[in-house]
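Engineer: Residue numbering for the sequence shown follows the working numbering, starting at 550 and increasing by one per position.
Treat the hints with care, since some could be wrong.
If you anchor each label on the Cβ, the simulated ranges turn out as follows [unchecked claim]:
| hint | residue 1 | residue 2 | range |
| --- | --- | --- | --- |
| 1 | 647 | 575 | 18 to 28 Å |
| 2 | 649 | 583 | 16 to 26 Å |
| 3 | 575 | 602 | 18 to 28 Å |
FYI, nobody ran anything at the bench for these hints, they're computed from the structure.
Note that beta-carbon positions come from the ideal geometry of N, C-alpha and C, so glycine has one too.
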Amino acid sequence: MTRTFYCKSVDEEQAAIHDLVRTAVEKAEAIIKPGVRFCDIDAQARDLIGEAGYGEYWKIRLGHFIGQEDHEYGDVSPINKNVAEPGMIFSIEPGIYIEGKYGVRIEDLVLVTEDGYELLNVVDKKYRTVG
């Protein structure tokens, strides 16, 4: 589970990017259920971020499987055509990383259920400032 915090203040661009990443998480999670391909889950977030003009700043997979280790074999990525099955646990963690400025990532852990998914962490996704 990952959340992004900001030191002292958040400018308009940071707030907009944070909201975009949050929306990408929610859009990807909305289609999670048994039988949905991992590449299609990835596309929900990746297409949204790309259409907003930030695709070049997201160069990693959307998520990874979780098991006895925090990074198990398997991922939620554009090339994974396998489907979600009940009992699978994986992360949903899109991010935008602008070199020399900042990065924003929001990560949730999800469990695939018989008819959808269960969020395994319950922490607000809104941005926060510290300091």
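Engineer: Run every hint past the structure and note whether it holds.
Structural biologist: Each hint tested on the structure:
{"no.": "1", "hint": "647 / 575: 18 to 28 Å", "in the structure": "22 Å, holds"}
{"no.": "2", "hint": "649 / 583: 16 to 26 Å", "in the structure": "42 Å, violated"}
{"no.": "3", "hint": "575 / 602: 18 to 28 Å", "in the structure": "19 Å, holds"}
Hint violations for this structure: number 2 only, all remaining hints satisfied.
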